[in-house]
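Undergrad: Letter by letter, the chains look like this.
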Amino acid sequence: MLSPGLPLRSPRVTVLLTVEIGLARLAGSISRAARRGGGTTLPGKLLWRVDRGAIDALSARLPQGTVVISATNGKTTSSAMAASVLGAARRLAWNNSGANLASGVASTLLDADAAELGLLEVDEFALPELLPRLRPRVLVLGNLFRDQLDRYGELEHIAERWRDAVAELPPATTLVVNADDPVVADLASGREGAVRYGVDDPQVARPSLQHAADSKYCVRCGSPYAYAAAYVGHLGDYRCEACGHARPRLDLAARDIALDGLEATSFDLASAAATTRLRLPLPGLYNVYNALAASALCLALGEPPAAVRRGLESFGAAFGRFERVAVDGHSVLLLLIKNPAGANEAIRTLAEGGVPSTLLVALNDAIADGRDVSWIWDVDFEPLLAGASRIVVAGDRAAELALRFTYAGFAAERLEVVRALEPALERALELAPADEPLGVLPTYTAMLALRKVLTDRGLVRPYWERTR
Amino acid sequence: MRIRLAHLYPEYLNIYADRGNIAVLERRAQMRGHELVVTAVGIGDRLDAAGHDLLYVGGGQDREQALVAPDIATRGDAVREAMDGGTAILAVCGGYQLLGRGYRGRDGQWLPGAGVFPLETVAGDRRMIGDVLLECELEPGERWTVAGFENHAGRTLLDPGATPLGRVLAGFGNDGSSGHEGCRVARAIGTYLHGPLLPRNPQLADWLLSQALAHATGSAPEPLEPLDDALEADAHAVSARRARDRGGRR
Numbered sequence: 159m160l161s162p163g164l165p166l167r168s169p170r171v172t173v174l175l176t177v178e179i180g181l182a183r184l185a186g187s188i189s190r191a192a193r194r195g196g197g198t199t200l201p202g203k204l205l206w207r208v209d210r211g212a213i214d215a216l217s218a219r220l221p222q223g224t225v226v227i228s229a230t231n232g233k234t235t236s237s238a239m240a241a242s243v244l245g246a247a248r249r250l251a252w253n254n255s256g257a258n259l260a261s262g263v264a265s266t267l268l269d270a271d272a273a274e275l276g277l278l279e280v281d282e283f284a285l286p287e288l289l290p291r292l293r294p295r296v297l298v299l300g301n302l303f304r305d306q307l308d309r310y311g312e313l314e315h316i317a318e319r320w321r322d323a324v325a326e327l328p329p330a331t332t333l334v335v336n337a338d339d340p341v342v343a344d345l346a347s348g349r350e351g352a353v354r355y356g357v358d359d360p361q362v363a364r365p366s367l368q369h370a371a372d373s374k375y376c377v378r379c380g381s382p383y384a385y386a387a388a389y390v391g392h393l394g395d396y397r398c399e400a401c402g403h404a405r406p407r408l409d410l411a412a413r414d415i416a417l418d419g420l421e422a423t424s425f426d427l428a429s430a431a432a433t434t435r436l437r438l439p440l441p442g443l444y445n446v447y448n449a450l451a452a453s454a455l456c457l458a459l460g461e462p463p464a465a466v467r468r469g470l471e472s473f474g475a476a477f478g479r480f481e482r483v484a485v486d487g488h489s490v491l492l493l494l495i496k497n498p499a500g501a502n503e504a505i506r507t508l509a510e511g512g513v514p515s516t517l518l519v520a521l522n523d524a525i526a527d528g529r530d531v532s533w534i535w536d537v538d539f540e541p542l543l544a545g546a547s548r549i550v551v552a553g554d555r556a557a558e559l560a561l562r563f564t565y566a567g568f569a570a571e572r573l574e575v576v577r578a579l580e581p582a583l584e585r586a587l588e589l590a591p592a593d594e595p596l597g598v599l600p601t602y603t604a605m606l607a608l609r610k611v612l613t614d615r616g617l618v619r620p621y622w623e624r625t626r
Numbered sequence: 060m061r062i063r064l065a066h067l068y069p070e071y072l073n074i075y076a077d078r079g080n081i082a083v084l085e086r087r088a089q090m091r092g093h094e095l096v097v098t099a100v101g102i103g104d105r106l107d108a109a110g111h112d113l114l115y116v117g118g119g120q121d122r123e124q125a126l127v128a129p130d131i132a133t134r135g136d137a138v139r140e141a142m143d144g145g146t147a148i149l150a151v152c153g154g155y156q157l158l159g160r161g162y163r164g165r166d167g168q169w170l171p172g173a174g175v176f177p178l179e180t181v182a183g184d185r186r187m188i189g190d191v192l193l194e195c196e197l198e199p200g201e202r203w204t205v206a207g208f209e210n211h212a213g214r215t216l217l218d219p220g221a222t223p224l225g226r227v228l229a230g231f232g233n234d235g236s237s238g239h240e241g242c243r244v245a246r247a248i249g250t251y252l253h254g255p256l257l258p259r260n261p262q263l264a265d266w267l268l269s270q271a272l273a274h275a276t277g278s279a280p281e282p283l284e285p286l287d288d289a290l291e292a293d294a295h296a297v298s299a300r301r302a303r304d305r306g307g308r309r
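Chains A and H, in that order, are what the protein sequence lines are. Counting in the numbering used here, the first sequence runs from 159 upward without gaps. Counting in the numbering used here, the second sequence runs from 60 upward without gaps.
Note that these hints are calculated values from the structure, not bench results. Accuracy of the hints is not assured; some may be wrong.
[As the list claims (entries may be wrong)] Negatives, chain H to chain A, calculated, CB over 12 angstroms:
id	residue
1	Gly-79
2	Arg-139
3	Gln-168
4	Trp-169
[Stated by the list, open to error] EDC-like, lysine to aspartate or glutamate: derived pairs with alpha carbons at most 20 angstroms apart:
id	chain 1	residue 1	chain 2	residue 2
5	A	Lys-374	H	Asp-130
6	A	Lys-374	H	Glu-70
7	A	Lys-374	H	Asp-121
Please read these numbers as outputs of a predicted model, since none were measured by experiment. We put the CB at the ideal spot given by N, CA and C, even for glycine.
All chains, full assembly: derive it from the sequences and hints.
TA: Okay, here's the thing in structure tokens:
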């Protein structure tokens with residue numbers, strides 16, 4: 159069946175494309191009807207396979223164009239924050255379930271009949287292929303951390319691909335970079351009109367770089383950076399004493415940051431034009447970075463600071479990222495962990511806000527999780543182990559987690575290995591004291607599976623039914 | 060007994076959970092009443108190789124490895140002398156390549172190594188990534204499997220007559236074709252296997268500890284008192300199954 163009423167603006171959108179769209183959508187409906195997950199990316203996968211140029215055409219029919227966010231960590235949360243601001247005044251085509259490969263982007267654009275603006279988070283590896291197709295008005299590059307080396311390859315390799323992609327950007331695209339990441343900041347050097355954001359508050363800095371910190375050596379000359387302040391992983395106020403390469407001047411900064419436990423974070427959002435105090439209803443310094451990325455994006459689109467504040471202050475959690483769910487009288491706190499830098503921040507935030515006495519940690523090793531599970535040894539789990547009294551480890555590689563924790567000195571008798579996820583959740587709920595939250599830290603596919611358990615119990619809405 | 064471990068370039072070579080290997084050695088030594096004393100050795104630092112019972116060199120990304128290479132190339136004599144004197148060595152991934160004679164890059168450029176292991180590495184076209192399972196026989200008649208994960212672009216070629224760490228049961232190994240993985244010289248082991256290597260291969264951890272203890276005491280290596288390794292065995296079994304199911308595929 160063809161889809162009537164499609165606003166076919168671009169000459170490239172042909173009858174053939176319309177047929178492709180219809181077929182791809184039909185496949186999505188079948189997938190959902192067959193309860194094979196959300197059918198999030200299936201239509202896009204089909205379309206992407208049939209006609210790669212379809213993305214160009216679909217994106218070109220959006221009257222306000224597209225904006226793109228990429229980063230190793232925080233792209234789902236940053237784009238959800240941006241949606242909270244931008245969605246108030248326009249209809250968005252937004253890949254809100256984190257389907258950020260070409261197929262997910264294609265699916266989102268397929269579904270976006272009446273949308274005005276495309277808000278797309280894009281996987282860091284898929285970015286170079288998608289940028290020339292999407293031709294975004296604004297491109298936000300958040301950070302590069304080592305992540306699933308078995309899948310993405312080395313950090314420098316991704317950086318190289320980004321460098322080439324940025325060099326090809328049309329002049330009309332506003333490039334927004336995180337100035338606190340030396341590799342990412344360097345991408346904007348010499349680019350006209352680029353926007354640089356960062357954290358400017360040494361009071362919340364860490365005493366030293368973490369074990370897993372990446373990019374510790376100067377992008378220009380290879381000497382170690384000196385940090386006036388290290389905030390998250392290798393993000394901070396860096397300077398190379400050998401060649402002088404240093405963090406550039408910030409166009410948008412977070413200052414005077416007050417971390418309020420597991421509840422919220424307040425800070426001044428400061429640009430040359432205005433300073434706005436805002437209260438973000440999310441914990442953790444890494445969420446300040448996410449808020450900066452979202453704010454820079456929205457300001458670049460011309461949103462007034464007051465609208466940015468309203469959007470950020472009314473923000474809920476993104477899919478599985480600090481999501482709170484009430485289950486059998488417990489408050490379950492769901493924190494996705496997927497690489498050392500991201501996991502360290504989730505843990506740091508829990509440790510500062512009070513570690514729940516009972517934890518469920520789940521490690522899978524599917525492609526989306528990373529088949530190589532060695533990264534768990536580079537995560538500083540120690541503050542969590544010091545604060546928790548009972549831990550259930552789960553997932554296909556539960557035994558590896560058990561070894562990680564017991565070799566760190568966590569008593570074996572306070573640890574339980576329950577490989578299957580649903581029984582593990584049951585057991586953790588049983589162990590958690592009635593009036594205390596249960597902390598759940600799953601890797602990506604474990605998070606999807608646990609969320610499905612909660613969805614089947616009617617406790618969270620399936621992600622494909624969430625409002626935009 | 061104090062076991063003296065020198066950890067080479069921990070600031071540069073640490074990507075594949077190398078500190079997991081150190082944590083395992085530390086704890087397993089402690090559970091037998093020994094103390095592992097770890098000294099970090101960075102670029103340009105003095106290294107008294109023979110004054111240590113165990114040397115550890117981990118893996119790094121290409122950029123970090125290139126930063127370390129000129130320094131490690133100057134350490135060849137000291138490390139070889141220590142090895143000849145009975146110091147044990149564990150070198151993983153990048154560290155394994157750097158302790159060989161050198162690395163031939165894709166552009167033909169030759170990056171000299173420490174020349175401790177009888178091998179050379181040449182850059183390959185495609186990375187060899189996946190789970191691996193080996194069969195090792197470090198002591199005559201004692202065969203066991205070693206399970207881990209590999210991720211390397213280099214093809215490592217052992218000199219004729221050199222001894223590999225083990226025979227590849229599943230996965231790529233040194234070069235994807237010889238059926239060999241790693242290299243062993245006396246008490247020194249080089250391998251591509253991370254994951255990290257030692258938590259799920261406790262026999263190998265204990266073998267290294269007993270070699271290091273032998274150097275510390277000046278006597279012959281003795282087997283260590285067994286520990287409850289149920290979790291380790293479980294992790295090993297899952298990792299070995301992964302290698303059999305999906306190792307060595309491109």
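Undergrad: Taking each numbered hint in turn, which are not upheld by the structure, reported in ascending numerical order?
TA: 1
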